[in-house]
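Chains A and B supply the protein sequences, listed in that same order. For the first sequence, my numbering assigns the number 2 to the initial residue and increments by one for each residue that follows. For the second sequence, my numbering assigns the number 521 to the initial residue and increments by one for each residue that follows.
Simulated from the structure, these hints should not be mistaken for laboratory data. We treat Cβ as the ideally placed atom computed from N, Cα and C, and that holds for glycine. Just so you know, nobody snuck in bad clues.
According to the in silico footprint, chain B covers these stretches of chain A (three or more CB under 8 angstroms from chain B):
{"hint": "1", "segment": "45-52"}
{"hint": "2", "segment": "112-124"}
{"hint": "3", "segment": "134-143"}
{"hint": "4", "segment": "161-175"}
Every beta carbon over 10 angstroms from chain B, so not counted as near; a handful from chain A, in silico:
{"hint": "5", "residue": "3"}
{"hint": "6", "residue": "4"}
{"hint": "7", "residue": "12"}
{"hint": "8", "residue": "69"}
{"hint": "9", "residue": "70"}
{"hint": "10", "residue": "71"}
{"hint": "11", "residue": "82"}
{"hint": "12", "residue": "85"}
{"hint": "13", "residue": "86"}
{"hint": "14", "residue": "87"}
{"hint": "15", "residue": "149"}
{"hint": "16", "residue": "155"}
{"hint": "17", "residue": "156"}
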Amino acid sequence: MDDETLDRLVAEAQRGNTAAFGRIFDEFAVPIHRFIASRVNRPSDAEDLTQLVFVKALEALPRYEARGIPFGGWLFRLARNAIIDQSRTRRDHLSLVTAVTRATEEAGPEAMATLRDDLDRVARALADLTDDQREVIELRFFAGLSVYEVAAAMGRQEGTVRGLQFRAIAALRRSLGIESVGSMPASAQPATVEVRA
Amino acid sequence: MSAYDDNDRGALDRLEDLLDAYADARLMPRGPVLSRIRANVLAQAALASAAAIRRPVLAEPPPPSRWAVSSPFHRRALAFGFAAMLTIGTSAAVFAAPPGSLFYNARVYIETLALPAQVDARLAGHEQLLTERIAEAEAAAGRGDAPGLAAALAAYQAEVDAATADVGNDVARLAHLEEMLAKHTAVLTTLATELPEQSSIEHAIDTSSKAIANLQAKGSRAHPTHVTGGQGQDQGHGPQH
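Just chain B, same shape as in the assembly (with noise of 0.2 angstroms):
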């Protein structure tokens, strides 16, 4: 903007707080806008990513036809832009995929397998992927989708499992995951009371309420005086170990 002069600079800056107010007020992203696109593309980056090493497998040379390309280079370009378009494609297709939809389940063991090997980490991913399957849950619930209601639950139950197991012995770990999986029961209880015909929710219900007992008990067998849920009030009276 160097061609005005000083007289016209504050003018200027005017003109470019109100743009700036009226940007942040109209224009910025609300609530978890963006960490869910975030989501949403960062693991369709990595399912590419992942698929893009597979590709060497996938990328087989077509079978000579009039339409083939003489040099060797553009029929690996083309075979790889095959793959690739396959690839997005179907991985579009998947990523997409709403709770009861075909890619559902695809989707799922996607992201479950997308988890990274450092616990922390892991547990992290497992957290997030609980929420939201809960999340994905309420939103059936809430448009009356039954089936999208059902296929939610069903993967809220096999993440609470796996995040279950790959919790470790740790205890702060484990009450941050008892605190988090209390926290999801008393969401599926709100939606029992709202959808009491329901029992994929009542199931959903058992299964986070067994894994609070069963990361109960770990605790107080890593450590005795664990103390949980008002669970253990009495324990861990006199001399610790």
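This is chain A alone, in the form it adopts within the complex (with noise of 0.2 angstroms):
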């Protein structure tokens, strides 16, 4: 969706457009749970906080102005709050290592072991990075977000954000074993990661 379909979406939901609500709510609804489930324990907990944050967007679209800061970015500083509000309360939030167990069901279970591995290391990396560069990660590859509403969502510089995912990225390659390769495509790269001694 290109941001003047989106402002113009958000103007009439604003005016209490239900129909334009729910095409934000499609646009937004998988990014900000990926986003969420990965910060939360269970699912059952992703489940209600993406919908809280749509909630509580709801609310406050009246007072959104678009001057100065992107609405995904907006819409994403909600769900951090809720997220954060959340771990106030329960304690047991950020999900990481949690998540190393759980299942992958859909594929056979030769592949499926393989592919467990495999996210499983990427849980792994994912939580040895520090807090600030794990929500960058987040917010730029689970959520999809541009590193000017990742910087909204954060509340920090665009060359803050841009320095910490430079940081979380060489960590991730270095956790994972994912060396330089030229100009090959990742195509042509083995299946498996191969985990550095």
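Please assemble the complex out of the two chains, which come individually in their own frames, going by the hints.
Right under this line is the structure:
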């Protein structure tokens, strides 16, 4: 969805157009859910918080002004605050270690084992990042936000976000043993990740 | 990621692939999660929108006091905010109400009230509400909540009546609703075998079965060749109309 369409939908939703808010939901629901699911323990918590974020967005929408902060950044800031609020009361947020044990049911037994192994390594590598680095990765890669939107969501400067992302990627590559491979396309890489000793 | 040169591009692609795979496998919502959230959020949006239309009635100016704000704009804003908080707070309680709870009937009433006027959209809405009521009944039965089960089934029966009243005489719509009710009857029958002592299930099955019979009768009247649910197999021979 382009910025112009999004701005129009936001303006219509602010005037009480439910269908417009529905389209905004459709655009952001999956990224918001992915971001929240990466930071809470239980799938049911991710569902509850995703709903809460959109209800809060609905309540706060009349006060939203497009000037200065992109809508995606604003929405993810609500998500971020909802997660923080929940973690204060529940004291069990940040599930990356727990996520290691989550099942991956769709593949066959062998493929599933390999896939689960790869994904467990990714989860462990993410868990080793600093909180800020991990959040940047979650917002950039899992939620698909731009650096500008991530900066708005986190309340940081774009340069800071770029720096965090740079260091996070370097750390992930080290953890996962992903070396520079010249201009070799990704499709030509081995299927599984070799973890460096 | 322009800070990286071409030599790193393959490695970055590989990392992105892994992160994508991780997100798809571990972080994506499963099953009907998103549609459930969507229905709840949009119902709340519709309620807030309806409340906003009625708000001038609610937003009467407060009596003057030493806390009174002098500017009329501020007074209106305060009243508006209070009414909005009240509305949103109440609506949150209503839309989170499970069957058997204080606000459940209000929630069911509002959901029915919010159905669109256009026939197909309205029937689709009825269909969604019927499915929700059955799911609530199953959930209540699963947790041994007899009052919740009875409330969900009472709401289901009311919804069956409303859907039957709204369906009209179009043969395709009649057949579609009939098919859905037949599925629900099967679910209810299974519930009845698991919880034989629950008379509310028997009543719901009875309502559903009567509605199916009514739909079949309507279908036959509207279109004499309408063949339904194994009945009327002998009808429709010979020249039509």
